[in-house]
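Novice: Below are the chains, spelled out letter by letter.
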Amino acid sequence: MRIIGKNSILYWSKYPFLVCTIGFMASSAWICGLIVLQLITGKFHSLVTVENINEYKIIQFKYPFSQMVFTAENSTEGILLAFWGLISVSFVLLYSLRIIRQFANDHIFSSKVVTDFKTLSMGFIIFASVILFIDLTVERSNYDFTLPLWYMLAGFVLLFIKEIVDQGKILQDQTDLTI
Amino acid sequence: MAIIFNIDVMLARRKMQSQELAEKIGITQANLSILKTGKAKALKITTLQALCEALECQPADLLEYRKDN
Chain L
1 MRIIGKNSIL YWSKYPFLVC TIGFMASSAW ICGLIVLQLI TGKFHSLVTV
51 ENINEYKIIQ FKYPFSQMVF TAENSTEGIL LAFWGLISVS FVLLYSLRII
101 RQFANDHIFS SKVVTDFKTL SMGFIIFASV ILFIDLTVER SNYDFTLPLW
151 YMLAGFVLLF IKEIVDQGKI LQDQTDLTI
Chain D
180 MAIIFNIDVM LARRKMQSQE LAEKIGITQA NLSILKTGKA KALKITTLQA
230 LCEALECQPA DLLEYRKDN
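Protein chains in written order, with our numbering: chain L, 1 to 179; chain D, 180 to 248.
Some clues are possibly wrong.
Taking lysine to aspartate or glutamate pairs in the EDC-like style, the calculated list, with each CA pair at most 16 Å apart, reads [said to hold, decoys possible]:
| no. | chain 1 | residue 1 | chain 2 | residue 2 |
| --- | --- | --- | --- | --- |
| 1 | D | Lys215 | D | Asp187 |
| 2 | D | Lys203 | D | Glu232 |
| 3 | D | Lys220 | L | Asp173 |
| 4 | D | Lys215 | D | Glu199 |
| 5 | L | Lys112 | L | Asp173 |
| 6 | L | Lys112 | L | Glu73 |
| 7 | L | Lys62 | L | Glu73 |
| 8 | D | Lys218 | L | Asp176 |
| 9 | L | Lys14 | L | Asp106 |
| 10 | D | Lys218 | L | Asp173 |
| 11 | D | Lys223 | L | Asp176 |
| 12 | L | Lys57 | L | Glu77 |
| 13 | D | Lys220 | L | Asp176 |
| 14 | L | Lys118 | L | Asp166 |
| 15 | L | Lys118 | L | Glu163 |
A few chain L residues that don't get close to chain D, going by computed Cβ distances all over 12 Å [as the list claims (entries may be wrong)]:
| no. | residue |
| --- | --- |
| 16 | Leu18 |
| 17 | Val36 |
| 18 | Leu177 |
If you are wondering where the hints come from, they were derived from the structure by calculation, not from laboratory data.
No experiment lies behind these values; they were computed from the predicted model shown.
Glycine included, C-beta positions come from ideal geometry on N, C-alpha and C.
Chain D extracted, bound-state conformation (with noise of 0.2 Å):
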């Protein structure tokens, strides 16, 4: 996995639920899980803008690259 979405990070900093967070940006908690899990193949600006300002962070607070070996 090349793209690694913080998430779960963000959400115990902000100390909010997934349900919570899934309602806030309008979408369904099966796809937050997808987000979560890296199993999304693209991610909309609108989703990014709206999680951005849920959990009031920075893009880069959420993404975050490693390398494969």
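Only chain L is shown next, with the shape it has when bound in the complex (with noise of 0.2 Å):
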């Protein structure tokens, strides 16, 4: 069985993949919801509750229709890195999806996968600097460098597999116009 193209492995692992990225982003809509309602009146409720856990002040905000909750450390840099990562899961998530789709077309060097894979690049720098950004103005105490520096190398590597599509892009171009 292929793995590009069409009836290949990512033409079919493309509607579970649809499923999760709208499941997640659903989600992700809503407890960005409550943290936003949270972070302006500073009330908790029944959706948003605070634990003590050993000497960790944990903030759990609801799911919907279900038991599960998100947790996060409740402080201001805690609430809004859990914010920014929600954000940028589903951020990736969707140009992931945007991806496999147009490679499940058998459409491997294309504009829009260049549009896409720059976007998506292009995407985990700035989540990096934000998160950096946020992990040293907010509370400058305590920093860890980890994540915004795997986020910072994913987005060069994806800056460079961007690069071989193009140049892949320029050869189809070429040969597609070899007569």
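Each of the two chains sits in its own frame; use the hints to bring them together as a complex.
Specialist: Here you go:
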């Protein structure tokens, strides 16, 4: 079985991936709504609770129609990073889905794929910069460079792949115009 | 445009239509149009050979070089 193209592994995996992406984005929108509401009002209720686990204060946001909770450190930095994390993962899933759909339809060296790779790589670099900014400015005593560094690395790797796809597209155009 | 394809001139001389030529040399009309308008990036030797056979001419009759201003 082929990996890329029609009736390939990627072609059939795009459907479960689509369902997961929609599910994650819908639940993220719900949690982001609760986070914004909590940041504005500062109030706790049945959907937003605070728990003490050991010496850590944890804030919990309840997902709809289930007992699952989204947890974050109960501090401005913790909540902001959780909010930004949800947005960044949703963005990455969305653009990955777009690229998978293009690859599944045999459109490998196309301008759409180049644009999606560029947007995804820039997204990773921007997400890393914002995480670093939040980490260093909100609470200066507590910071961790691991996540932004991985994001930055992923961004540069994707930028490199984008350049390869771009070169492939140029070659494809030349081949198509060879008569 | 540096290289000009004189396919239209040869077609007129041979009183042949584009569609007929495309069928004879085995390419689509869209590709023949790309050749005629000079948008092609490269030309296969086999295509040139087929063009010469179909139009009963030499490669020099089909291709012309013009200096860009």
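Novice: Looking back at the hints listed earlier, which ones does the structure fail to meet?
Specialist: Numbers 6, 18, in rising order.
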